[in-house]
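**Student:** Sequence:
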Amino acid sequence: MVDEGTFREDLFYRLNVVSIHVPPLRERAEDVAVLAKHFVKVTGERLALTDADISQEALALLEAYPWPGNVRELENAIERALVLSESNGRITALDLDGRFDRRPSSQDAEDEDLDLKSAIVALERRLIRKALDVCGGNRTRAAQALGISHRTLLYKLKEFGVG
Numbered sequence: 001m002v003d004e005g006t007f008r009e010d011l012f013y014r015l016n017v018v019s020i021h022v023p024p025l026r027e028r029a030e031d032v033a034v035l036a037k038h039f040v041k042v043t044g045e046r047l048a049l050t051d052a053d054i055s056q057e058a059l060a061l062l063e064a065y066p067w068p069g070n071v072r073e074l075e076n077a078i079e080r081a082l083v084l085s086e087s088n089g090r091i092t093a094l095d096l097d098g099r100f101d102r103r104p105s106s107q108d109a110e111d112e113d114l115d116l117k118s119a120i121v122a123l124e125r126r127l128i129r130k131a132l133d134v135c136g137g138n139r140t141r142a143a144q145a146l147g148i149s150h151r152t153l154l155y156k157l158k159e160f161g162v163g
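For the sequence shown, position 65 (counting from the first letter as 1) is numbered 65 according to our numbering, and the numbering increases by one without interruption.
Be a bit skeptical, because a hint or two may be false.
[Said to hold, decoys possible] Derived lysine-lysine pairs resembling DSBU-like cross-links, with alpha carbons at most 35 Å apart:
id, residue 1, residue 2
1, Lys41, Lys117
2, Lys117, Lys130
3, Lys117, Lys37
4, Lys41, Lys130
5, Lys117, Lys158
6, Lys156, Lys117
7, Lys158, Lys130
8, Lys158, Lys37
9, Lys158, Lys41
10, Lys41, Lys156
11, Lys37, Lys130
12, Lys156, Lys130
13, Lys156, Lys37
[Said to hold, decoys possible] Per label pair, the in silico range of CB-to-CB distance:
id, residue 1, residue 2, range
14, Phe100, Leu127, 46 to 52 Å
15, Leu84, His38, 15 to 21 Å
16, Ser118, Leu11, 55 to 61 Å
17, Lys158, Arg80, 25 to 31 Å
18, Thr152, Pro68, 41 to 47 Å
19, Pro68, Arg151, 18 to 24 Å
20, Val2, Ser118, 56 to 62 Å
21, Arg99, Asp31, 29 to 35 Å
22, Asn88, Val134, 49 to 55 Å
23, Lys130, Phe100, 17 to 23 Å
Keep in mind the hints are simulated off the structure, nothing from the lab. None of these values were measured; they are calculated from a predicted model. Ideal Cβ positions, reconstructed from N, Cα and C, are used throughout, including at glycine.
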């Protein structure tokens with residue numbers, strides 16, 4: 001910038017007391033987990049999530065990502081996942097957005113498909129959250145949209161720890 005004339009040379013030398021080269025996050029995969037846990041803690045406190053945490057599967061996905069936006073992109077991804085978490089502040093692989101490859105191995109997919117109860121619970125939780133979002137948080141309208149009674153919705157909200 002000094003050579004291009006876009007930055008004053010005297011100011012550059014005044015500010016450039018010590019130069020530190022920090023490689024981009026894509027070259028420091030070992031730092032991703034440490035930074036992710038830090039951002040989970042800080043963001044969890046800011047969002048008043050007492051049990052904010054991140055699963056090992058989610059950490060593995062984060063470590064495999066190239067991070068073109070560096071640390072700020074990681075921080076943003078953590079905040080987004082915490083806000084949208086289906087697990088009350090515990091980030092799982094499913095809470096991460098589409099940037100992250102989370103295709104299970106064929107064996108994992110077979111095992112997961114056989115757990116019908118968990119799949120139904122996850123689907124119910126997702127549909128209830130979506131209905132509440134669409135209805136602006138109005139539980140009566142959300143229950144109507146879902147085709148269930150208001151009482152059933154309240155029971156499900158308590159059961160899932162939603163709302």
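**Student:** Each hint should be assessed against the structure and marked as holding or not.
**Tutor:** Each hint tested on the structure:
About 31 Å separates the Cα atoms of Lys41 and Lys117, which keeps this hinted pair within 35 Å; it holds. Under the criterion of a C-alpha separation no larger than 35 Å, the hint pairing Lys117 with Lys130 is consistent with the structure, at around 20 Å. Under the criterion of a C-alpha separation no larger than 35 Å, the hint pairing Lys117 with Lys37 is consistent with the structure, at around 30 Å. For the given pair, Lys41 sits about 27 Å from Lys130 by alpha-carbon distance, which is consistent with the 35 Å threshold.
Of the supplied pair hints, the one linking Lys117 and Lys158 holds, its CA atoms being roughly 18 Å apart against a limit of 35 Å. Taking the CA atoms of Lys156 and Lys117, the gap is about 14 Å. The hint holds against a cut of 35 Å. A hinted pair counts as satisfied when its Cα atoms are at most 35 Å apart, and Lys158 with Lys130 qualifies at roughly 16 Å. Distance restraint check for Lys158 and Lys37: the Cα-Cα separation of roughly 28 Å lies within the 35 Å cut-off, and the hinted pair is therefore satisfied.
Between Lys158 and Lys41 the CA atoms are separated by roughly 25 Å; this keeps the pair inside 35 Å, and the hint holds. For a cut-off of 35 Å, the pair hint linking Lys41 to Lys156 stands: about 28 Å separates their Cα positions. This hinted pair checks out: Lys37 and Lys130 have alpha carbons roughly 28 Å apart, not beyond 35 Å. Distance restraint check for Lys156 and Lys130: the Cα-Cα separation of roughly 14 Å lies within the 35 Å cut-off, and the hinted pair is therefore satisfied.
The hinted pair formed by Lys156 and Lys37 meets the criterion: a straight-line CA distance of about 31 Å does not exceed 35 Å. Roughly 23 Å separates the CB atoms of Phe100 and Leu127, a value that falls outside the hinted 46 to 52 Å. At about 20 Å, the beta-carbon gap between Leu84 and His38 stays in the expected band of 15 to 21 Å. Restraint check, Ser118 to Leu11: a C-beta distance of roughly 60 Å satisfies the suggested window 55 to 61 Å.
Between Lys158 and Arg80 the Cβ separation comes to about 26 Å, which falls inside the hinted range of 25 to 31 Å. As the Cβ distance of Thr152 to Pro68 is approximately 45 Å, the hint placing it in 41 to 47 Å holds. For Pro68 paired with Arg151, a C-beta distance near 49 Å fails the hint of 18 to 24 Å. For Val2 paired with Ser118, a C-beta distance near 59 Å keeps the hint of 56 to 62 Å intact.
A beta carbon spacing of about 18 Å between Arg99 and Asp31 contradicts the range 29 to 35 Å that was offered as a hint. Under the hint 49 to 55 Å, the C-beta atoms of Asn88 and Val134, about 21 Å apart, miss the expected range. Between Lys130 and Phe100 the beta carbons are some 21 Å apart, a value that agrees with the proposed interval 17 to 23 Å.
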